[in-house]
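Chemist: We have chain A; now place chains B, C and D onto it with these hints.
Number of protein chains: 4
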Amino acid sequence: MILIIKNDKKDEVGKLINWIKGRGLDVHMSEGENTTIVGLIGDTSKLDIDLISSLDIVEAVKRIQEPYKKANRKFHPADTVIDAGGVKIGGNNFILIAGPCSVESEEQIIEIAEAVKKSGAHLLRGGAFKPRTSPYAFQGMGAEGLELLKKAKKATGLGIVTEIMNINYLSLFQDVDIIQIGARNMQNFDLLKELGQSDKPVLLKRGLANTIEEWLMSAEYIMSKGNEKVILCERGIRTFEHFTRNTLDLSAIPIVKELTHLPVIVDPSHASGLSRLVPPMSLAAAAAGSDGLIIEVHNDPTKALCDGAQSIKPDIFDAIVKKVSVILPLVGKAFSK
Amino acid sequence: MILIIKNDKKDEVGKLINWIKGRGLDVHMSEGENTTIVGLIGDTSKLDIDLISSLDIVEAVKRIQEPYKKANRKFHPADTVIDAGGVKIGGNNFILIAGPCSVESEEQIIEIAEAVKKSGAHLLRGGAFKPRTSPYAFQGMGAEGLELLKKAKKATGLGIVTEIMNINYLSLFQDVDIIQIGARNMQNFDLLKELGQSDKPVLLKRGLANTIEEWLMSAEYIMSKGNEKVILCERGIRTFEHFTRNTLDLSAIPIVKELTHLPVIVDPSHASGLSRLVPPMSLAAAAAGSDGLIIEVHNDPTKALCDGAQSIKPDIFDAIVKKVSVILPLVGKAFSK
Amino acid sequence: MILIIKNDKKDEVGKLINWIKGRGLDVHMSEGENTTIVGLIGDTSKLDIDLISSLDIVEAVKRIQEPYKKANRKFHPADTVIDAGGVKIGGNNFILIAGPCSVESEEQIIEIAEAVKKSGAHLLRGGAFKPRTSPYAFQGMGAEGLELLKKAKKATGLGIVTEIMNINYLSLFQDVDIIQIGARNMQNFDLLKELGQSDKPVLLKRGLANTIEEWLMSAEYIMSKGNEKVILCERGIRTFEHFTRNTLDLSAIPIVKELTHLPVIVDPSHASGLSRLVPPMSLAAAAAGSDGLIIEVHNDPTKALCDGAQSIKPDIFDAIVKKVSVILPLVGKAFSK
Amino acid sequence: MILIIKNDKKDEVGKLINWIKGRGLDVHMSEGENTTIVGLIGDTSKLDIDLISSLDIVEAVKRIQEPYKKANRKFHPADTVIDAGGVKIGGNNFILIAGPCSVESEEQIIEIAEAVKKSGAHLLRGGAFKPRTSPYAFQGMGAEGLELLKKAKKATGLGIVTEIMNINYLSLFQDVDIIQIGARNMQNFDLLKELGQSDKPVLLKRGLANTIEEWLMSAEYIMSKGNEKVILCERGIRTFEHFTRNTLDLSAIPIVKELTHLPVIVDPSHASGLSRLVPPMSLAAAAAGSDGLIIEVHNDPTKALCDGAQSIKPDIFDAIVKKVSVILPLVGKAFSK
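Residue numbers (the numbering used here), protein chains in the order written: chain A, 1051 to 1387; chain B, 1051 to 1387; chain C, 1051 to 1387; chain D, 1051 to 1387.
Next up, chain A with everything else stripped away, as it sits in the complex:
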């Protein structure tokens, strides 16, 4: 970290240096004609950059070291490959996670699981606990939904991915293969810490208005407690555009892969909220270098009106998979086995 000291406050710099040294860091001073620069040497990840930059004598602060360590590719150059119920995620493996928005019935979840498995899906997704903006909206089937997911897992052999919202329910997630943290909980730090003590792979969705650095800091929360099996998921950010519910940020994919060794996948269904955008954005995500896709698939979107919005039918999913297979060699990837 580099601190640039205001010219007219140079005399007070000694006090600041003492405070920095009191935090176990060393300093390297450099005085130019108009500027005094204080370089901090040591582990600055515990320093609050906002606080320092608002000190009166500080003109500006520039972090050099990234504030994340375990997630940082600089310290772990090789791609992390995570095993989730036997499926390899990361490296040159491309994975397909598919399934309905909400688990509704045993018949529904098994039927969809069988369909997406046939098209090549590696894992089954399905919501049991649903985060809803309104307290009056359907909140998911809860524990019963989890039971139905497990039945579908047994019936098809597909590992399951589902969201946790309350750490007190963690014991219910024992047979889940990947635990998902939703966008609105990306900075629910107590939930992150608790999952950091689990040994389950965690699918960490990016918050609606969060930067990539904040996202990686949330991954770091989980990793710092011991669980390094974090899979990142880009699912659209909030912008001024209204035709789509959110704006899928595909340029985040190559950036994230530069900054971290963790796998990063894309959710094209939640990003736009429109089923007809799922095919083009799935292809684009594969072309941008994503490590996989998580897609909402429904057996009969018209019948279950309330789920039809962003879900595609199995035949559309099948067509996407076939096209993705043409793109993967261009980006040095192949479907995970």
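Since the hints were made in silico from the structure, they are not lab data.
Note that the Cβ used here is the ideal one computed from N, Cα and C, for glycine as well.
Hints are supplied without guarantee of correctness; some may be wrong.
[Stated by the list, open to error] What follows is a set of in silico ranges between Cβ atoms, one per label pair, in the way DEER data are often shown:
#, chain 1, residue 1, chain 2, residue 2, range
1, B, S1221, A, F1385, 23 to 33 Å
2, B, K1200, A, I1099, 26 to 36 Å
3, C, L1378, A, D1106, 55 to 65 Å
4, C, N1218, B, H1078, 53 to 63 Å
5, A, F1385, C, F1385, 26 to 36 Å
6, C, P1379, A, K1201, 32 to 42 Å
7, A, F1125, C, K1201, 30 to 40 Å
[What the hints assert, rightly or not] To be clear about the criterion: a stretch of chain C counts as covered by chain A if any three or more of its residues have a C-beta under 8 Å from a C-beta of chain A, and this derived list gives those stretches:
#, region
8, 1191-1198
9, 1254-1265
10, 1317-1327
[To be verified] Below, a list of computed lysine to any residue pairs in the SDA-like style, where the Cα atoms sit at most 20 Å apart:
#, chain 1, residue 1, chain 2, residue 2
11, D, K1112, C, K1383
12, A, K1307, C, H1292
13, D, K1373, B, A1187
14, A, K1120, B, T1183
15, B, K1056, C, A1187
16, D, K1372, B, V1381
17, A, K1180, B, D1098
18, B, K1059, C, Q1115
19, A, K1372, C, H1292
20, C, K1119, B, E1109
21, D, K1056, A, K1180
22, B, K1243, A, R1123
23, B, K1056, C, T1183
24, C, K1056, B, T1183
25, A, K1275, B, P1181
26, B, K1373, D, K1387
27, A, K1372, C, S1080
28, C, K1383, A, L1380
29, A, K1119, B, A1187
30, D, K1243, C, T1183
31, A, K1373, A, F1188
Modeler: For chains B, C and D alone, kept in the frame of chain A given last:
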């Protein structure tokens, strides 16, 4: 709620109407030359507007009823006045909540409590559990910090306001007068539901990139479970501006007061992250019609460098209070007694 | 357009209706239990939706007709194919526009033109008049730069694309094949009107914080004056992310193609500002259904340090073209001939 | 400007240094344990920070000098006071600019001018050339509107403020006292340059999604050409909030006054687009330290329905002025004389 049906999909409208009726609602049809409009009659708050608007046959959806009921001024025209440890909040009462960012020691918290009480503060704030972007940053004194706050309450008589991050610690908050939900937890729905079953006043901060409607829906989560003592707090939203950490949205104040009967206060300290902006933005908040202020005050910002950033000294707080007292009559308010 | 009238203001609706009729529109009234709806019949594109929605008696306004007509796919279902110097743009044609950020010398522009032509580029881009945030930064070679572009056109046969910033220089653009309007001028309405009277194809970049509807309204400005040869260009929008200069909004591509018959291409160079993101985002743009790419290519990015940032070398461009050719059949497109 | 060089690219730094020296700057090197820092000495305002920061060998760039000079308070510590038709703007003077959105008729403009003058307005505003999102919307009375403004000036003695959209009409603005540049033209650099050669005071509105630094750079464009009479105007920025058209950024006021010596006023009418928000936001703007207000006032908002949205009536304006007069002494200001 009004649904506008696509011209070329009119034939399929029957199916949609059956689905709507299946949810206990009635419909009112209106066919214009180029447009078919379906008006929904009944309680539409349980309908998911995103889902409906993405149905193929729906051109557009317009909500008429607000999706919040208990928080809605239409159904409760009079201002709600909340009693927090004997302090009246809302109506034409203006309150002052002041105290340090973090509780650091018994001496510190009592000294500040005495100083701000002398200037007219009604309640003492102080962080014990701190939400931090980095897992390596100081996470607050925790339970011990809560104990020190209680000592300051005993010493000065000021009620206390502090943040909860994990519902499992609720029992520790028994002597707290107002429980705060931080911006990053505004859509931590499980936390909202649990506090909805408490009888403590809740200070609900607005999320960094949330709309006013989402904020009111989070208030509704708490109220729908039985706890109607919700105080809203505007604390700055994320924008493209970098000189300030966030952008204080003061136009939210008159808007919120139109839409809801709940009190709304302003946090000028977190909004900008700069102590020198606290005085002008405090006056502006009072002039905009806020029901109060929550301000970070520190006894020695220079000594405790890490807190100096957005905290002001007691004498600055005192000067703000004096100026606010000139503004309050202009907006029909007076300091709470 | 549908107006929803406030329940307690129903009595004043007559005045509003008279005002509407005075603007040549007819109305269709629909009274529900709690709501009065006024449907406007006729051409509402001249009505200011912001003004109407803020009238006291109006609860809400919902536009049904899009405010753009000539750009609207509803009225022109077939793709528009534009001829720019013999190159077909739109339909199932995919075009490649390439060249340096700024024209620097005759040697430079011709060398690059030859290189990109060899790889398959259809048109040459190059900046002569440069929009710069700072008045002290290099503003481009101006008229002299235009002359050098024309020499490159003569030498290679490639049509040229370059930006106009001041309508008074239009006469200089006579031999230019596509005139570009930059992002910061997207709502420079006087410039749009003037180019609407030209017969040159116009490349209209999306503004940094503009919605798709505003972008189409700017296209409509040009078309309403008679020039229907508008090519849209997505070049990244402003978000909270800092690793990239802007965030490329690829979901805009399928949305724009739904709403309008005009071609839409992607500029991956300006979007991120990072040359290493150009390859993945070019492939992603093709996979998302874009009608082409406009890419900054430089002959020696290291030598000309100041241009190296977002420009790629010719060999990288060549590799992108080869990979794009694999993707195009998946989206029903082929390189323009 | 400080450049932080990537550890593994140190060997290439010589080339960069040569390039920097070739631009007339000197360098100051500082090598820490893990970091090489290059400090640039001299006038770095011509360097493009985006370009440099994207060079391969550069880890990060930190500007120390602000890129604006003439607008910079560091070099001009005293407030600039601008004389506009005899009215002093800046320093401890507070000004009131009021008038209708659009000039409609001689009777209208004179009637409003007389009313606002009586309440204390210093200058009359009124739109003749109107920037409209839609080409089909009313574009203002144009030159005829300017003539009517001049008649109102003659009748009341109030100086006039009106917007220019096309530099070719500059000759029509000879009797205008302050020429306004609208938000959408804030980065119409050619317009800025041309007004930089005029001697008229310029009211420069902040762009909808522009940072304060970009705003000051646009002021610098005007000043760099010789015209230092620039008045800044905060008019709301685009955010995710929909209840208001834009979000008034009042924290920009104290920040701008720190960074520049130029006056800065507030437009509460355009910011929210809602007339009922004009009173609270006017008071808040005064309390935040603004140098004045520009308010839309209409003689009969109900009659002229299309203007009623964000305009207030003269009696409301009068009440605002009276309340503002109570606030001004708190911030060390008084109405301009």
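Chemist: Each hint should be assessed against the structure and marked as holding or not.
Modeler: Going through the hints against the structure:
1. Separated by about 50 Å at the C-beta atoms, S1221 (chain B) and F1385 (chain A) break the suggested range of 23 to 33 Å.
2. A C-beta distance of roughly 33 Å is found between K1200 (chain B) and I1099 (chain A), which places it inside the suggested range of 26 to 36 Å.
3. Checked against the hint of 55 to 65 Å, the pair L1378 (chain C) and D1106 (chain A) passes, with Cβ atoms roughly 58 Å apart.
4. Between N1218 (chain C) and H1078 (chain B) the beta carbon distance is about 57 Å. The supplied range of 53 to 63 Å therefore holds.
5. Between F1385 (chain A) and F1385 (chain C) the beta carbon distance is about 28 Å. The supplied range of 26 to 36 Å therefore holds.
6. The supplied range of 32 to 42 Å is met by P1379 (chain C) and K1201 (chain A), whose beta-carbon atoms lie about 41 Å from each other.
7. Here the CB-CB span from F1125 (chain A) to K1201 (chain C) is close to 52 Å, at odds with the stated 30 to 40 Å.
8. Only residues whose C-beta sits within less than 8 Å of a C-beta in chain A count toward coverage, and the region 1191-1198 of chain C has 0 of them, not enough to reach three; the restraint is violated.
9. With 5 residues bearing a CB less than 8 Å from a CB of chain A, the region 1254-1265 of chain C meets the requirement of three and the coverage assertion stands.
10. Counting residues of the region 1317-1327 of chain C whose beta-carbon sits less than 8 Å from any beta-carbon of chain A gives 4, enough to reach three: the coverage restraint holds.
11. About 44 Å separates the Cα atoms of K1112 (chain D) and K1383 (chain C), which puts this hinted pair outside 20 Å; it is violated.
12. Distance check on the hinted pair: K1307 (chain A) and H1292 (chain C) sit about 16 Å apart at the alpha-carbon level, within 20 Å; holds.
13. Among the hinted pairs, K1373 (chain D) with A1187 (chain B) is inconsistent with the structure: their alpha-carbon atoms are about 46 Å apart, more than 20 Å.
14. Pair hint K1120 (chain A) plus T1183 (chain B) holds up; C-alpha atoms about 15 Å apart against a cutoff of 20 Å.
15. A threshold of 20 Å between alpha carbons decides the hint, and for K1056 (chain B) with A1187 (chain C) the separation of about 51 Å lies outside it, so the pair is violated.
16. Taken as a hint, the K1372 (chain D) and V1381 (chain B) pair is honoured in the structure, with Cα atoms around 13 Å apart against an allowance of 20 Å.
17. Between K1180 (chain A) and D1098 (chain B) the alpha-carbon distance is near 13 Å, which keeps this suggested pair within the 20 Å criterion.
18. Between K1059 (chain B) and Q1115 (chain C), the direct Cα distance comes to roughly 16 Å. Compliance with the 20 Å bound is thereby established for this hinted pair.
19. The suggested pairing of K1372 (chain A) with H1292 (chain C) is violated, with an alpha-carbon distance near 35 Å, which exceeds 20 Å.
20. Simply put, K1119 (chain C) and E1109 (chain B) have alpha-carbon atoms about 17 Å apart, close enough for the 20 Å limit, and the pair holds.
21. Of the supplied pair hints, the one linking K1056 (chain D) and K1180 (chain A) is violated, its CA atoms being roughly 45 Å apart against a limit of 20 Å.
22. Taken as a hint, the K1243 (chain B) and R1123 (chain A) pair is broken in the structure, with Cα atoms around 39 Å apart against an allowance of 20 Å.
23. Of the pairs offered as hints, the one joining K1056 (chain B) and T1183 (chain C) is violated, with about 45 Å between alpha carbons and a cut-off of 20 Å exceeded.
24. This hinted pair does not check out: K1056 (chain C) and T1183 (chain B) have alpha carbons roughly 44 Å apart, beyond 20 Å.
25. For the proposed pair K1275 (chain A) and P1181 (chain B), the alpha carbon gap of about 16 Å is at most 20 Å, so the pair holds.
26. A C-alpha spacing of about 25 Å is found between K1373 (chain B) and K1387 (chain D), which places the hinted pair above 20 Å, so the restraint is violated.
27. A C-alpha spacing of about 50 Å is found between K1372 (chain A) and S1080 (chain C), which places the hinted pair above 20 Å, so the restraint is violated.
28. A threshold of 20 Å between alpha carbons decides the hint, and for K1383 (chain C) with L1380 (chain A) the separation of about 18 Å falls inside it, so the pair holds.
29. For the hint linking K1119 (chain A) to A1187 (chain B), the alpha-carbon distance of about 13 Å falls within 20 Å, and the restraint holds.
30. With a C-alpha separation of about 12 Å, the suggested pairing of K1243 (chain D) with T1183 (chain C) holds against the 20 Å cut-off.
31. The hinted pair formed by K1373 (chain A) and F1188 (chain A) fails the criterion: a straight-line CA distance of about 35 Å is larger than 20 Å.
The structure fails to meet hints 1, 7, 8, 11, 13, 15, 19, 21, 22, 23, 24, 26, 27, 31 from the earlier list, while all remaining hints are met.
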